[in-house]
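Protein chains: 4
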Amino acid sequence: MIRVNLSSDYMEGAHSAILSRLCETNTQKSAGYGLDEYSEDAKEKIRTAAQCPTAQIFFLSGGTQANLVTLDALLKSYEGVIAAQSGHISLHEAGAIEHGGHKVLTIPHKNGKISAQDISRLINGYNSDENRDHMVKPGGVYISQPTEYGTIYSKEELSRISAVCREAGIFLYCDGARLAYALGCSENDVFLPDLAKYCDAFYIGGTKCGALFGEAVVFPDKDAFPHFFTIIKQHGALCAKGRILGIQFGVLFENGLYTEIGKNATALARRAQKEISALGYETFVNSPTNQQFFILTKEQYAALREKAAVSFWENLPDGKIVIRIAASFATTKEDIDEFISVMKEIR
Amino acid sequence: MIRVNLSSDYMEGAHSAILSRLCETNTQKSAGYGLDEYSEDAKEKIRTAAQCPTAQIFFLSGGTQANLVTLDALLKSYEGVIAAQSGHISLHEAGAIEHGGHKVLTIPHKNGKISAQDISRLINGYNSDENRDHMVKPGGVYISQPTEYGTIYSKEELSRISAVCREAGIFLYCDGARLAYALGCSENDVFLPDLAKYCDAFYIGGTKCGALFGEAVVFPDKDAFPHFFTIIKQHGALCAKGRILGIQFGVLFENGLYTEIGKNATALARRAQKEISALGYETFVNSPTNQQFFILTKEQYAALREKAAVSFWENLPDGKIVIRIAASFATTKEDIDEFISVMKEIR
Amino acid sequence: MIRVNLSSDYMEGAHSAILSRLCETNTQKSAGYGLDEYSEDAKEKIRTAAQCPTAQIFFLSGGTQANLVTLDALLKSYEGVIAAQSGHISLHEAGAIEHGGHKVLTIPHKNGKISAQDISRLINGYNSDENRDHMVKPGGVYISQPTEYGTIYSKEELSRISAVCREAGIFLYCDGARLAYALGCSENDVFLPDLAKYCDAFYIGGTKCGALFGEAVVFPDKDAFPHFFTIIKQHGALCAKGRILGIQFGVLFENGLYTEIGKNATALARRAQKEISALGYETFVNSPTNQQFFILTKEQYAALREKAAVSFWENLPDGKIVIRIAASFATTKEDIDEFISVMKEIR
Amino acid sequence: MIRVNLSSDYMEGAHSAILSRLCETNTQKSAGYGLDEYSEDAKEKIRTAAQCPTAQIFFLSGGTQANLVTLDALLKSYEGVIAAQSGHISLHEAGAIEHGGHKVLTIPHKNGKISAQDISRLINGYNSDENRDHMVKPGGVYISQPTEYGTIYSKEELSRISAVCREAGIFLYCDGARLAYALGCSENDVFLPDLAKYCDAFYIGGTKCGALFGEAVVFPDKDAFPHFFTIIKQHGALCAKGRILGIQFGVLFENGLYTEIGKNATALARRAQKEISALGYETFVNSPTNQQFFILTKEQYAALREKAAVSFWENLPDGKIVIRIAASFATTKEDIDEFISVMKEIR
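Chains as they are written, first to last, in our numbering: chain P, 19 to 365; chain C, 19 to 365; chain B, 19 to 365; chain Z, 19 to 365.
It should be emphasised that the hints constitute simulated quantities derived from the structure, not laboratory data.
Some hints here could point you the wrong way.
Copies of the same chain look alike in the list, so a pair counts if it fits in one copy or across any two.
Claimed, not checked - The calculated DSSO-like cross-link candidates involving lysine-lysine, where the alpha carbons are at most 27 Å apart (straight line), are: (1) Lys-362 / Lys-47; (2) Lys-351 / Lys-47; (3) Lys-94 / Lys-240; (4) Lys-292 / Lys-94; (5) Lys-292 / Lys-47; (6) Lys-47 / Lys-316; (7) Lys-325 / Lys-47; (8) Lys-281 / Lys-47; (9) Lys-128 / Lys-351; (10) Lys-281 / Lys-173; (11) Lys-173 / Lys-63; (12) Lys-128 / Lys-362; (13) Lys-281 / Lys-338; (14) Lys-316 / Lys-128; (15) Lys-325 / Lys-63; (16) Lys-128 / Lys-173; (17) Lys-63 / Lys-281.
All of these numbers come straight from a predicted model, not from anything done at the bench.
Chain P with its partners taken away, still in its complex shape:
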């Protein structure tokens, strides 16, 4: 019998404060397409949180959508985007970036993170190649915070990547699908004003951070894309009832709820990591956020699957198996206790 389910952070609906607000505002009438007051209010709150009073902000429905629409706007037709081999756009978006006409130029990663040095090496390689005019020009860099492995860039790392990009005249874009869990992490020193300072664009994830759905794309430069609204529409990404997105982000950015959600889930996930490590399990990556990765034997994995739902991550060369758990706004202390019990039982 499955006693606990920690397989992902998008298994439930939304934070209760969001549902309440949707119910309260339900019959009020507003303009469509995000031109409503709820959306305007949410944008203003995000601008305040990011200390970027002139930022352009747009609400989209999902993460792959945010990546493809934004990168389509940022990249020139002959440009590609640099990303980690493990990046979401590299592996798990069904080729959305290529479908939009752009190559993903992959570089090695360490626990999901790429380095300013490797970015620099790729750019220099391109610039010094005699055949560069026959090649895809690197137009920008894609990172995610946290990464696919739950790791986070420090402010120092982010600023170095940003400096390489600005030196080369290319953009830096950050995928923040799970940004709340970085913001809510005690080791983290990259906050919204830092993203606004170092990136040319980033998105604040809602879907995986307590909203029903929705992501907020932020362009710190107010003049970045005067026609981004039309670009959104052209990709089928414009919500007729845009208010639904505005209302949700309005709640998330009220009284620090967004960071609060991240803090709770991250604390729960790290307690699990600490106690499960103490049981003698090896962790696959030292993740400081809401995703945690453990290495199990085949037998342990088989036993685990009878009692708990987790995410299969990968097979290791030695035959062992990596699993991932994720905590969300809806994860409880009891869920974590139960999962630790299960891990104890199968040890």
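With chain P fixed as given, assemble chains C, B and Z onto it according to the hints.
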């Protein structure tokens, strides 16, 4: 002072039954990406309603998205889609179909509707043109039910269009952004089983018919697109929390709610039309559904805008102005009474 | 028996001077991809002829290719291009522009020509439309000189179209597939320096004007597209032996050969038009260039096809048929005499 | 002083027999767009040479164009193509495949060649991945014969790759930009009938094998792409004077000229390799075709560049430099002698 707002059918949240269900199910856990039980249940209800037990069904977020993803799957790279000059894909989707690589081959319309004869003429013109191999091949037909002008195709008209398409070996696709209002219209004789019979694909609109957001794309042929899931993902159109769509459509297709919503709004809109016509106003189109179009003088329009919110539709050559009102799930008898009062006052 | 063939201007090889030069230079070695001295020399000659010493020039293989690569570079992702309903890009390029992601925004034409007024009307319509952010933004204008009907824009007309474009901040692009025949026409007052002055880009057609193949795309602004070389490559439009194009254009722009070719063919075509009109045939369009259009009865057309090869143009509502003849660099006085004889016989 | 130039195989015009035929046929008139008798004759000769009487054949202008147009036709919208990391489409086509919407799925190579085993591994990895519906589906395999490194696949290797593809239901496509040099190589056992048997599509390169320009795309299955003509047009890849391509391929496939060109150049290149190796130079790859790769010290390279033109290939980690020479239809015994002398001098 604005006393009543009938400017569109996407100004409010969702039908209360939908919100209730979202609240009830909120903390239950489910699989992502539409692979959950709520979505499966909703699909089954739609299959039943359409009397098409093997239909493939996919939930997407919005109408333009449904059109572009589905047409991208239906069209071969060298094909275009036939549509009315007034069609939503022709005018108001920011070139989404062309951005996906396909020409919209426009033909004349009558109150938003195109005829089997005009479709046939275009196909024959293509087939008999010596230069056809240098031209865009018509690959299918796009219609909407109801149309942009609120008019509806009869079963006879639909079956004739379908016959022309099948004879030519091309597809028929129906945009049902406001389908509830056709289904809820007393003159209508095209029901879901008819769409499943005559079309190769169609979508059942949620966003403009009482849902927070969401459209259900239906392929009557179960073998139509084995990889449509990946096509959706590639367009950034896959919801991580797909259950949110499934839950909503589950409610809409329970106890006939979808048609009920359409019936109420249509009845209200038509009462407005009848009484406002009786006041001496001319209607622009004889619409049998939830959208109604009235012709006003410039002076009347100026006076109206002080008291009611409506949608500007177009300027007529004689200087008069066409306005549109739309009723939705949230429109009340009182709203309509108030609007009629306003129209009386400005007469 | 077919006694004479005037069906198009791309039925033969190349002007003999071109073949000679290809033979003379055949074993000399040069750099690839258009970076050779022949290409540089040809570009310099074109810059001189256009009185535009800093123009960027690129040689491509064919007309549709020149249109699609250049328009892809000129148009932003959310923009479409304004063109005549009869334009080559509108009808006879198999949707190449849409395949590249852009809508062709068609406007009416008069004998193939569009007017500054109609362009202005479309732009104003877009700018004043409340829904414009949901629509394709007009990004530029496509014209051809001569047009599909052999007609030519006067300098006055061109300057007015250019003024409308510059006022609106959009580009003007001219397709010169048959430019030699405009330049060689006695009524013409639009020369290369005028195209360089009024257009943002244009191409000088080689394929239909005496070359084996090849078109020269000209950007008067030297800073227009620093990465156009890569854009060409990305479209599969870069010739490895680019010298073949350079050698041909070098010959065409030596001693005025290009205009000379146009002059001869145009003179022959117009003699045909004059004498055939004198026989009582009606012309369909009053074309001043190398293409001429005559109206025949069905019986005349049937008789003609036994004796001469021409191009079928279109069926008229009254059952008559429009044919087109085209003169090229290879057309002789004898060809025209023979064609006139045939027309006399079938009268 | 540069005494000899062996930097590439596309530095000269065309084989003299081709120029002669272009001159002889120059004023004869023919239909456009490849519908002429010269093209038909050339296709028939290729069908005979490939022992594939029903093959569909199309002539295109260049290699990148042939790759992108053919792969666009072969790949479904959600599919990518498997290729060597060193493949021409992977590195040196400016992202043309991605621009057409498809990911290049790279795998490791050995001297430019990929193995059936690595292809199989990628396909199995995809098929067994739980997230495969979120990933790019491998739709086919791209190889080149000879490869970028001049190496060739044996019939055994080709048949094994083909078997893997057919087992997986995906296509095999071969880029034959330099195919003549494989056909003219004494170790080669893959001939045109083998390509027709094992591949779903391949192209026979003209541009780098003695033609002015042109490639012949071959689909062994006559029913492969009924609308490939329109697909070509849509990519701007249709030559108005298609005869120019037909005439050239007609000459190349007359009396075995194509293989003859390959044989001569390959023999010259291999003599260079043998004698230069004997001088003590190391070869970078053991290439059996017209491209040869030598490893030089920095000093040798500097000295070489004063006396001969070659192609820089890459820097080795130890600071040495790889150069490439290529022999073509125009390379003479004297060129090779001179190059050997130079290499002797700088030793």
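Taking the hints in turn, this is what the structure says about them:
no., hint, result
1, Lys-362 / Lys-47, "between (53 Å within a copy, 24 Å between copies)"
2, Lys-351 / Lys-47, "between (39 Å within a copy, 16 Å between copies)"
3, Lys-94 / Lys-240, "both (19 Å within a copy, 19 Å between copies)"
4, Lys-292 / Lys-94, "neither (46 Å within a copy, 47 Å between copies)"
5, Lys-292 / Lys-47, "between (49 Å within a copy, 25 Å between copies)"
6, Lys-47 / Lys-316, "between (56 Å within a copy, 26 Å between copies)"
7, Lys-325 / Lys-47, "between (47 Å within a copy, 15 Å between copies)"
8, Lys-281 / Lys-47, "between (34 Å within a copy, 21 Å between copies)"
9, Lys-128 / Lys-351, "neither (31 Å within a copy, 53 Å between copies)"
10, Lys-281 / Lys-173, "within (19 Å within a copy, 57 Å between copies)"
11, Lys-173 / Lys-63, "within (23 Å within a copy, 51 Å between copies)"
12, Lys-128 / Lys-362, "neither (30 Å within a copy, 48 Å between copies)"
13, Lys-281 / Lys-338, "neither (31 Å within a copy, 54 Å between copies)"
14, Lys-316 / Lys-128, "within (26 Å within a copy, 35 Å between copies)"
15, Lys-325 / Lys-63, "neither (42 Å within a copy, 32 Å between copies)"
16, Lys-128 / Lys-173, "within (17 Å within a copy, 41 Å between copies)"
17, Lys-63 / Lys-281, "within (19 Å within a copy, 40 Å between copies)"
When the structure is compared with the earlier hints, violations turn up for hints 4, 9, 12, 13, 15 and for no others.
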